[in-house]
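Chain by chain, the residues run as shown.
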Amino acid sequence: MLKCTQAVEDANTMHTSKLGWWRRFSLFMHLLMCHHCRRYVRQLKMLLGAVKDMHGEASDEEVERVLKRLRESSGS
Amino acid sequence: MSSDNAQEMPVTGMANRESEEDLQRLRSGEVAAFEQLVRRHHRALIAAARPLVGDEAEEVVQNAWIKAHRALPEFEGRSAVRTWLTRIVLNEAKMLLRKRGREVSLEDTTGGDADPQSWRFGSRGGWALPPRYWQVEGPHEVLSSDQLLECLQRLFGEMPGNQKALLEMRDVSGMDFEEICNDLNVSASNARVLLHRARGRVFELVDHYQETGEC
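These protein sequences, in sequence, are chains V and D.
FYI, in numbering that gives the first Met the number 0 the residues of the first sequence are 0 to 75.
FYI, in numbering that gives the first Met the number 0 the residues of the second sequence are 0 to 214.
Think of the hints as simulated: they come from the structure by calculation, not from any bench.
These numbers come from a predicted model, not from an experiment.
Wrong hints could be hidden among the right ones.
[Said to hold, decoys possible] Beta-carbon label-pair distances, calculated as ranges:
| no. | chain 1 | residue 1 | chain 2 | residue 2 | range |
| --- | --- | --- | --- | --- | --- |
| 1 | V | Arg70 | D | Leu154 | 51 to 59 Å |
| 2 | D | Ser122 | V | Phe24 | 25 to 33 Å |
| 3 | V | Leu66 | D | Glu75 | 22 to 30 Å |
| 4 | V | Gln5 | D | Glu34 | 46 to 54 Å |
| 5 | V | Phe24 | D | Arg16 | 32 to 40 Å |
| 6 | D | Gly100 | V | Met32 | 25 to 33 Å |
| 7 | V | Met28 | D | Arg26 | 21 to 29 Å |
| 8 | D | Glu73 | V | Phe24 | 23 to 31 Å |
| 9 | D | Tyr132 | V | Ser58 | 46 to 54 Å |
| 10 | V | Arg70 | D | Gly124 | 54 to 62 Å |
| 11 | V | Trp21 | D | His139 | 30 to 38 Å |
| 12 | D | Glu19 | V | Gly74 | 26 to 34 Å |
| 13 | D | Ser188 | V | His34 | 27 to 35 Å |
Where is the CB? At the ideal position from N, CA and C, for every residue including glycine.
Work the whole structure out from these sequences, hints included.
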């Protein structure tokens with residue numbers, strides 16, 4: 000039976016690389032029974048969705064700097 | 000179904016935002032589409048380059064944009080645009096470091112950094128202090144507070160460079176884990192530990208903010 004520490008580790012691994020079918024099955028069974036781990040997995044997933052946007056958009060000045068360099072490089 | 004029920008894993012965000020129409024416009028060389036692309040990804044690319052090349056990150060990313068612009072007509076869309084751009088940035092960073100006689104490696108400096116979530120578990124491996132219930136409807140609400148975003152930026156600033164690089168490359172840019180390990184000269188087992196610790200730090204920050212409204 001998977002412990003919560005292992006479930007947390009395996010949930011992370013599923014967002015990192017491949018997890019073998021047996022570990023996936025064990026995690027699934029654990030999540031059916033453990034609401035704390037279900038909460039962790041749900042919130043981890045939301046967090047990883049959120050960090051993709053954490054740096055925000057570039058300002059007009061930053062965009063213009065890139066475009067200026069691009070124009071210079073095509074002109075050279 | 001309970002609100003805590005979530006066993007499916009794919010996550011979405013800005014990195015997956017380009018539509019097929021956007022890609023067509025980019026491939027055909029439309030300036031406004033390229034401008035939008037820069038606006039959307041520039042800061043994330045600089046953040047990905049910084050743990051590798053420090054203050055030269057902006058220069059690396061500028062060069063990467065020039066290469067990306069040339070290569071866009073051939074972009075097949077097999078990966079997300081952010082992922083593709085990050086790969087170009089990583090190659091530029093490696094080239095710059097080679098010129099300086101250095102190599103990219105995240106393998107060192109792992110010692111002494113404890114798992115930021117180990118205190119939550121009891122001696123038998125169960126939760127002693129489980130995470131709080133976050134009052135958010137989806138990823139877009141998790142970091143919607145300016146104060147929390149500021150704290151997160153600060154946390155990133157204090158994070159060990161190898162943890163930050165992995166979080167940026169894997170979770171922000173969506174690069175393949177094995178590709179990251181190969182490119183950054185780090186073993187998969189070490190990289191997994193580093194990445195899980197980085198995520199643990201961010202998770203703890205948000206969890207604490209959810210409880211107290213402070214960082």
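We went through each hint and held it up to the structure:
1. V:Arg70 to D:Leu154: 51 to 59 Å: violated (37 Å)
2. D:Ser122 to V:Phe24: 25 to 33 Å: holds (27 Å)
3. V:Leu66 to D:Glu75: 22 to 30 Å: Holds, since Leu66 of chain V and Glu75 of chain D (Cβ atoms, about 25 Å apart) stay within the stated range.
4. V:Gln5 to D:Glu34: 46 to 54 Å: holds (47 Å)
5. V:Phe24 to D:Arg16: 32 to 40 Å: holds (33 Å)
6. D:Gly100 to V:Met32: 25 to 33 Å: violated (55 Å)
7. V:Met28 to D:Arg26: 21 to 29 Å: violated (46 Å)
8. D:Glu73 to V:Phe24: 23 to 31 Å: violated (41 Å)
9. D:Tyr132 to V:Ser58: 46 to 54 Å: Distance hint for Tyr132 of chain D, Ser58 of chain V is violated at roughly 36 Å.
10. V:Arg70 to D:Gly124: 54 to 62 Å: Holds, since Arg70 of chain V and Gly124 of chain D (Cβ atoms, about 59 Å apart) stay within the stated range.
11. V:Trp21 to D:His139: 30 to 38 Å: Holds, since Trp21 of chain V and His139 of chain D (Cβ atoms, about 35 Å apart) stay within the stated range.
12. D:Glu19 to V:Gly74: 26 to 34 Å: Holds: the Cβ-Cβ distance is about 32 Å, inside 26 to 34 Å.
13. D:Ser188 to V:His34: 27 to 35 Å: holds (30 Å)
Hint compliance for this structure: hints 1, 6, 7, 8 and 9 are not met, and every other hint is.
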